[in-house]
Amino acid sequence: MIIEKLEAFPKSSFTAVKLTTRDGAVGWGECLPATPTAIAAATKTLVGQEASRYEWARTQVHGPMSAAVNMAMLDICGKVAKAPVYQLLGGPTRNKVRALTGWSEKALAAGHRAFVVPGTYTPRDGLDFVVDPERKLSAGQASSLAASLEKSLPLWLDEPCPPANLGAIKKIATESVTPLGWGRGVTNLSEVQNMLREQVIDVVRLDISRHGISTIRKAAALAETYYIAVAPYHAGGPIATAAALHLAASLPNFFIQQVPLADPARAELVGGDIERVKDGFLTLPTKPGLGIEVNEGTLRRMA
Amino acid sequence: MEPMNMQRRDFLSVGCGCALMPQAAQESGPLGAAAMRSVGTKVRITGVKVFGVTLPIKEALDRPYCFVKLETNQGVVGWGEGTLEGKAAAVLACIEDFKEFLIGADPMLVEHHWQSMYVHSFYRAGPVIGSAMAAIDQALWDIRGKLLGMPVYKLLGGPYDPEGVRGYYHVRASNPAEMREVRAKAKELGVTCVKSGIPGYYEWIETREKINRAVNGMRTLRENLGPEIDIGIDFHAKTSPAVASILVKEVEPLNLLFVEEPCPPENVAAMRKISSRSTTPIATGERLVAAYSCRELVEMGVVDIIQTDINHVGGITALWKVAAMAEPSGIKIAPHACEGPIGALATVHVDSAMPNFLVQEICSGVVAGEKEKIWEEWFGFPAMRMVNGKFPLPTKPGLGFELTEAQVKKYPFQGTKPMARVFHQDGSVAAW
Chain A
0 MIIEKLEAFP KSSFTAVKLT TRDGAVGWGE CLPATPTAIA AATKTLVGQE ASRYEWARTQ
60 VHGPMSAAVN MAMLDICGKV AKAPVYQLLG GPTRNKVRAL TGWSEKALAA GHRAFVVPGT
120 YTPRDGLDFV VDPERKLSAG QASSLAASLE KSLPLWLDEP CPPANLGAIK KIATESVTPL
180 GWGRGVTNLS EVQNMLREQV IDVVRLDISR HGISTIRKAA ALAETYYIAV APYHAGGPIA
240 TAAALHLAAS LPNFFIQQVP LADPARAELV GGDIERVKDG FLTLPTKPGL GIEVNEGTLR
300 RMA
Chain B
0 MEPMNMQRRD FLSVGCGCAL MPQAAQESGP LGAAAMRSVG TKVRITGVKV FGVTLPIKEA
60 LDRPYCFVKL ETNQGVVGWG EGTLEGKAAA VLACIEDFKE FLIGADPMLV EHHWQSMYVH
120 SFYRAGPVIG SAMAAIDQAL WDIRGKLLGM PVYKLLGGPY DPEGVRGYYH VRASNPAEMR
180 EVRAKAKELG VTCVKSGIPG YYEWIETREK INRAVNGMRT LRENLGPEID IGIDFHAKTS
240 PAVASILVKE VEPLNLLFVE EPCPPENVAA MRKISSRSTT PIATGERLVA AYSCRELVEM
300 GVVDIIQTDI NHVGGITALW KVAAMAEPSG IKIAPHACEG PIGALATVHV DSAMPNFLVQ
360 EICSGVVAGE KEKIWEEWFG FPAMRMVNGK FPLPTKPGLG FELTEAQVKK YPFQGTKPMA
420 RVFHQDGSVA AW
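Residue numbers (numbering that gives the first Met the number 0), protein chains in the order written: chain A, 0 to 302; chain B, 0 to 431.
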């Protein structure tokens with residue numbers, strides 16, 4: 000299980016990473032677009048290391064590359080153990096995974112029941128909505144929006160403004176009962192701990208492509224004692240979707256997984272329709288590791 | 000009882016009257032008893048008997064009663080209860096573990112024994128130790144009251160309300176017609192308060208459909224029970240702070256007496272976040288052990304009502320302390336009671352002496368069922384049934400009842416049975 004090689008595949012919206020061990024085991028991961036410098040640094044760190052040392056790697060590989068490396072190392076561990084990653088992590092904690100995606104009639108027809116919308120919306124029976132203003136508001140505007148949303152009962156209001164100033168966002172959490180989600184841009188778990196301690200957060204939204212499986216799992220352990228849910232953010236490729244499914248199946252306080260809308264090209268890339276949704280839920284992978292077969296030819300051809 | 004009361008001056012004499020005391024060397028008591036010998040009485044605990052009691056009733060199967068009977072060298076016995084739902088065998092064993100604390104000891108030193116059981120357990124009490132201590136504490140108070148010839152509530156300074164202790168029954172009505180029947184029956188009986196719950200299980204964040212269903216359920220209950228009956232709603236800690244915060248705010252216009260356990264009990268700040276954004280009174284505490292566990296709730300001004308359970312918090316001694324601690328903060332006490340009749344009857348004594356008492360629970364309906372029949376058969380009076388909306392106060396000394404071993408042995412222990420185990424639609428663990 001000694002890592003021999005790290006190959007990166009920079010794409011327009013994500014970077015895929017392939018780790019190969021001396022005995023030929025292969026692990027795949029994915030992260031937000033990584034710089035050549037970051038890729039080189041990760042390679043230098045990891046080559047020659049035992050693939051099970053993903054906790055050590057968490058402290059040595061920085062930035063988004065840490066997410067890709069974490070997924071790939073766990074993929075290798077699972078394949079060597081001939082077990083899905085969630086079994087390595089003490090799961091499964093559930094038999095299917097609730098899904099969230101961007102609103103469209105097409106997504107509704109595809110089986111989605113929970114949707115992200117950019118602002119106020121008209122509630123519809125049987126459907127649920129997350130309002131995501133993409134940080135475009137001030138804290139004061141966000142508080143007004145949160146109050147005006149109370150009667151619509153959205154699942155939560157996500158990242159309405161930049162969360163850096165806890166004092167400012169505390170106002171939103173104090174003035175209404177609309178649940179608040181934060182975390183996609185967080186770079187350090189201590190930021191999540193601060194949010195939990197200051198009671199400004201109801202949904203932890205770390206990004207699977209920025210934070211990887213293990214870091215979000217730790218954030219979930221922190222959040223559990225505050226009775227706070229985890230719903231990872233995800234706008235990347237399908238390798239990260241596989242990682243997110245294993246993460247969901249290893250958490251007790253998981254609520255919902257954001258997932259891009261399934262399409263044939265994404266399915267082809269990972270050798271299966273893992274993003275297909277039935278009545279609002281994704282299916283748990285069952286094969287060893289991340290449970291996907293990355294099609295390298297397809298990966299090389301894509302933009 | 001009467002002959003003993005006449006002689007009680009004798010056996011209650013303190014140790015300094017050496018002639019009245021057995022020789023120290025002849026006494027084989029625990030170390031603590033020896034330490035207190037010079038100031039104690041001549042009464043000695045001679046027997047500790049535990050009884051697991053499984054009533055053949057579906058609702059009681061997960062909570063076999065854990066009873067203890069303490070015997071003394073004066074013939075006086077005391078009964079206590081430490082029923083812990085889903086963990087009966089553990090509590091029975093834990094009471095046995097305390098045997099060495101008790102045999103040969105003076106039962107009058109109830110606070111001393113409480114401190115010894117708590118402090119000398121080293122691992123400060125969780126629910127198993129707390130419930131075992133509760134059983135022993137109640138039995139010690141029962142003995143005390145009997146030896147002193149007074150009902151326990153009088154020893155505690157009661158009655159605050161001579162008519163009794165205001166109570167509430169549970170409502171399990173699923174439709175408006177049934178709710179109106181409850182209203183009529185409550186009016187007929189003079190019952191002024193009831194409690195109900197919210198349907199289903201709740202995820203960390205909830206859908207609009209589930210939130211609307213819960214709110215509509217509470218609204219329908221208020222509409223059909225009318226404005227005169229006080230209503231408590233038990234969320235049973237099955238909601239997260241995010242979900243509970245929405246619900247308690249939505250139901251503000253219903254003027255509920257309280258919403259109970261809007262989130263689990265381990266995080267007081269989380270509870271405060273819920274209570275700080277709504278005017279609906281918040282109650283919690285049935286799972287807490289010892290007054291220590293209520294300190295933050297009181298200190299941080301988190302809740303309006305504390306509901307510690309006499310069978311888990313650590314008996315009469317501990318429940319009284321929780322009430323004392325809550326009083327200067329204007330917090331009311333509404334003790335939980337959903338186990339057997341001994342603990343429930345013991346609670347009524349403590350309630351009766353609390354200036355800040357609100358209302359006493361009993362897990363029974365407005366119409367008595369199988370369980371209540373067995374209780375009446377045991378005690379010879381309808382235990383924990385209200386008269387004119389209040390639980391009557393006993394008149395006999397101690398906890399105010401007689402019970403024989405044969406009566407409880409009629410329902411032998413069938414072993415520990417787990418409480419309900421429920422799961423969400425994705426198979427993950429749900430709270431109920």
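Calculated from the structure, these hints are not laboratory results. Quantities reported herein were computed from a predicted structural model and do not represent experimental measurements. Note that the Cβ used here is the ideal one computed from N, Cα and C, for glycine as well. Among the clues, some could well be false.
These stretches of chain A come out as covered by chain B in the derived footprint (C-beta under 8 angstroms, 3 or more residues) [claimed, not checked]:
{"#": "1", "segment": "45-57"}
{"#": "2", "segment": "191-205"}
{"#": "3", "segment": "213-226"}
Report task. Check each numbered hint against the structure and report the violated ones by number, ascending. Result -> 1
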